[in-house]
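Residue numbers (the working numbering), protein chains in the order written: chain A, 1 to 783; chain B, 1 to 149; chain C, 1 to 311.
Please note that a few of the clues may not be correct.
Said to hold, decoys possible - Away from chain B, derived, C-beta distances all over 12 angstroms, residues of chain C:
hint, residue
1, A26
2, A35
3, P64
4, A256
5, L259
6, D287
What the hints assert, rightly or not - From the structure, some residues in chain A lie toward chain C, with a derived Cβ separation under 10 angstroms:
hint, residue
7, V483
8, S607
9, P724
None of these hints come from the bench; they were simulated from the model. For each residue, glycine too, the CB sits at the ideal point set by N, CA and C.
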Amino acid sequence: MALIQKELKRMLAYSTLAQIGEIAAILGLGTSLATTASLLHVTNHAVMKTLLFFAAGAFILQSGRRHLKDLAGLGRVMPFTAGCYALATVAIMGLPPFSGFISKFLMITAAAAAGRIDVAALILVGSILAAFYYLRVVRILFFQPYEGPVVKEAPTSMLVAMALLASAIVFGGVAPTIQIDAASAVGNLVAARAGLPPVVVPDLLIVWPAAALIATLGAVAVWLFGKTSPAFATKLAIAVPAAAFVAVLLQPDRYDGLSFAFALLVSGVGTLNMAYATGYLAHHPHAQHRFYAAFALMMAGLMGMAGSHDFFNFFAFWELMSSWALYVALVHEETADARREAFKYFIFNTVGASFMFLGIAMFGTAADSFDFAAIARAAPAMTTVWAGSALVLVLVGMLMKAAMLPIRIDYQMHPATAPTPVSGYISAVLLKSGPYGVLKLMALFGGATLLDRLGLINGQSLIGNAIAIIGGVTLLYAGAMAVVQTGIKRLLIYSTVCQLGYITMALALGTTLGVAGGLMHFVNHMMLKDVLFLCAGAIMVTSHARTLDELGGLGRKMPITFGIFLFAGLSLAGIPPLNGFNSKWIIYVAAFESGHYVLGIFAMVASLFTLAAILKFAHAAFMGSPGAAAEHAHEAPATMLVPMLVLAAGSFAVGMMPGLLLVPIAAIQQELGMVPIAATWTGPLPGAGGWHPALLSILLLVLAGIGFLYLRLGRAGGAIIRSPIHLCGVQDIAMGQANIGAGNLYEAPDAAIRSLLHAKHDTGYSDDDTAADTTAPITIHAV
Amino acid sequence: MTLLQTLTDSARNLAVRSPWIYRINAGSCNGCDVECATTALIPRYDVERLGCQYCGSPRHADIVLITGPLTAHIKDDVLRVFAEIPDPKVTVAVGVCPISGGIFRESYAVHAQVDQYLPVDVNVPGCPPRPQAIIEGVAQAIAIWRQRI
Amino acid sequence: MLDTTTIPLAVLMFPGGLFALAFGLALKGLDRRVAARLQGRIGPPLAQPFFDLVKLARKRTMVPDIAAEPVFLGAPLIGTVSMLLAAALVPIPGVYAPNPMLGDLLVLLYLLAVPAVVLMIAGSASGSPFGAIGFSREMALMLAYEGPLVLVVAAVALRTGSFSLSDIIAYQQTHGAFLFDPVMWPALLAFLAFYPANLGIVPFDIPEAETEVLEGPLLEYSGPALGLFKMMSALKAVVVLGLGVALFFPSAPDGAAGLLVHLAKLVVMMLVGVTLLRVSMGRMRIDQAFSFFLRWPLALSLLSLAIVAAA
């Protein structure tokens, strides 16, 4: 009912009914844990709802408006009240790090502990529905333009009351112990009367690794300073992930090998992207510090996830990374498209997280602990059905994050409307949390613990096989879809999904070589795809274009960006001996060696699709004849170029010396209990027939030197004459008119892929559907 | 020095065996073009035995065959394409039209002679010239080209 | 660990490097000579491609004013160089086995894609619409023929159980060449359809059709840069044909006789698969070629993978 309400207070009232229903359902379970959980939720809910009503009251009092749609943009004129409202909303949706999350987690756990998965699922469905209407208000408040008379902030007395409630919510999230103790005391009392054993409340304290803490506090600081001293806040924004990087380095004991590497990459790449973002947003600096703060919070989530030792923390940080912080970063542009797409992605992530939530609750209750090691120890004793379904649920959550089929990626893809640095970061780093989690689970439950009990095919686990096949199909599908895209970012996003398919497939193969290849591609793709996105961002800043058809001939104006793009693109497409090919080669070999010939062939064909997509991008944007956009184009500023150059240099280094990645990977494998690959710092690639990329590169360079001599042989010592292109002498063709745009480049394959996959023309921007046909300067169709 | 000289000489001797031909139709009636095509395609007159090859791009050409009286409409286009051919190159005017304007010489719409605008090295008169004559012209052009390359 | 004497030798002199280049040019010359004879002409001398290279080295280099120069001139260089390297990766049965440090069949397969890639980049970088159309056609063709190639290679690897060309050759030397193995015939047919397309000759020279798109990607190239493309094409013939020999018919004696047998096989493949084909057919349209490859060679290679898996 709350979904369809148009008036703010009515909506809140109906949502209260829904919440009371949830609490009653849990209370009805009758266990002592359930009693505790519902008591906790009652107190939290009281605080949160009071705050919501207070804020709503303040809105109505100050503006005299009751209807939801009239509240548009009020967040801009009443920032404090709206901020409290948003905080309470996020908390009541059960998102960390607020008190609502703790009590919701406890309720779901209680339901699972009572064996009532149906109740838990019902509550989760309810909270997904709730996300729709809660988020709608926040969206209206903050991300729509304000129109109307001047409205003053609420009176101080109201502000103080709201501030108190808000701090209670934060306190309840960060330090829930006192509240839980009180609630469990009552729970124990009830349990004692009913003759039940006393409550054992699992440890629900979010443990912040130093890096995550730094990033979170830094995010808050950036946001606060952004109001008063923007220049300082911008510098601070870059310093925050850098400091987190150092914090990770200083705390190596907190992490296992895999997580340590992941956390380092998260913060390292994060620093570069943040630096790039300051350059990227410099040209239209609206609300940029809010964006930096959200960005830093996402990183905090990722690093916290890496530093977690139990499922509770893992999930808390997972939610921190993929829910509201992500939403705020994505919706930054505040256009209608951005609002719609970001909302879609938020709901999608909520659904994914709900699957995982349920699975985690099932594991936790069966093992009486959320600790990774404890669950792994307890897993052999769980029934196969219970543990199996829990595992599948968690895996589904992770695979949804990694945008794997069978759910159509069009709906689950991160939006193209977001600012490019964050798009790049999502593609390159954030989505990797999916494969990272899969690997962690597989290591945890590998072999006889759980995976093998769920069925075997040819001595390999059924689940692993299934995931590998999902990855294989996804990479082929997404690769083909990337070929037919014309949106600048759409193309790269599809290609990301394709590469994630490679990584997921390789990791799921579970063989020594497969995991090594997957992890190596994990890092390679992180660098390469980030570079590609940053190049795309540089183009978008200088040309304001959104589709490839609007571009052309930028290569001469932006030579450095072009060079970096070509290197990263060809490497990603798998041109030997660049680093992208090296890791793909390991994946091919791993697929073939483990008998998955079809998957290996899929992977090889998909690399051709990647090549087609990348070359199409390169042609349409950088090469071809210059379009209108190229006239005013100029090279990106240093703040944007330096991160790109650093990432490209990193790619080159690991391309020459794969040992740089392979040695740490071998250590990680050792730690995960697998047979490690044979790797040395300067050695060749592993596996039978392992070759050495550096040898190939050096030979190529030597040969190129000889070839260059031939090139210089030409008359006058190879001095070059510049002349116009040959158009059979015809001159009355305007520049750009003779350009062949991205949409027309691959006609025959395009048609074949589109008819096979039922793909539509879609650039990720709703208003481009018609514009693309009329504005593109295309006269010649490639046949 | 002598070694370099010898190398250059032998390179020239080898290079001269690979003259590539490009045709420019400067408003011809197509009669000469048919004869040019004949030199390449009919077994009897095969120019490929001289190492010649007709190429589609002016950038690849060494010997340029120009046919037609250089009509006013096409004059600028012809000059532009001619400039796109990299040095060293040799020009052969095929047919009477580029030499004198032929039967069109009185016309207000032609700019013959072509050598007012382009450096013509060999003239092959005829309307159209016989294939043997064209091949002879190409052979002479090769001899001139040897001095330039 | 690395063999410091033979690898540079293999890459620079034999069987890659100079030897491959010379032999590739000779194959091209032979092709032109025999094609002329088949048409009743006299034809150019055998060394004609070599003369062409010397000539091109003495011409001026022109670069279109809207092209990105480093990419425009770098593309042919990278293409030629990668083919020189690829030539050192192809074994000559009984004579030469490449050092495993250089790479296996998969590396070779991807190096083999480089010439097409640089042609596309070249066409695109020139800024010419003809180049762009050439690029478009090259990509369409590549998307069409690369799938069957991957399947053929996978079928051979599945049969022999290895992706190392040396193992594949060793397998055939003990079990008989795949040329005489009916199970492998579909794969063989698919490969026979693949290599003319890969070498870009009639009826599959659609990207560089000089009568339609003025030699497409090569339109704007002149002088030494064009010469590099000619070298690349000659080297590619040696690599692709050598790969075919290794995959299907590696039987040969050891020593110098083995080398002669190998070269003879390449000549036969060139004359039958390239020369005869190109003088007897007209050029296809790109959509015809695209659907041809997605119909017959793809079906054949799928069939071959299936029956190899079953056998």
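Against the structure, the hints come out as follows:
1. Every Cβ of chain B is farther than 12 angstroms from the Cβ of A26 (chain C); the closest lies at roughly 15 angstroms, confirming the non-interface assignment.
2. Separation of A35 (chain C) from chain B is inadequate, the least Cβ-Cβ distance of about 9 angstroms not exceeding the 12 angstroms criterion.
3. In this structure P64 (chain C) is not separated from chain B by more than 12 angstroms, as the shortest Cβ-Cβ distance comes to only about 9 angstroms.
4. For A256 (chain C), the requirement that its beta carbon stay farther than 12 angstroms from each beta carbon of chain B is met, with the minimum near 29 angstroms.
5. Listed as outside the interface, L259 (chain C) is consistent with that label: its C-beta sits roughly 27 angstroms from the nearest C-beta of chain B, beyond the 12 angstroms cut-off.
6. Non-interface call for D287 (chain C) relative to chain B: holds, since the shortest CB-CB distance, roughly 22 angstroms, exceeds 12 angstroms.
7. At about 8 angstroms, the closest approach between the beta carbon of V483 (chain A) and any beta carbon in chain C falls short of 10 angstroms, and the interface hint on this residue holds.
8. Using the Cβ-Cβ criterion of 10 angstroms, the hint placing S607 (chain A) at the interface with chain C is satisfied: the shortest such distance is roughly 8 angstroms.
9. Interface hint at P724 (chain A): satisfied, since its Cβ lies 6 angstroms from the closest Cβ of chain C, which is below the 10 angstroms cut-off.
Of the numbered hints listed earlier, those contradicted by the structure are 2, 3.
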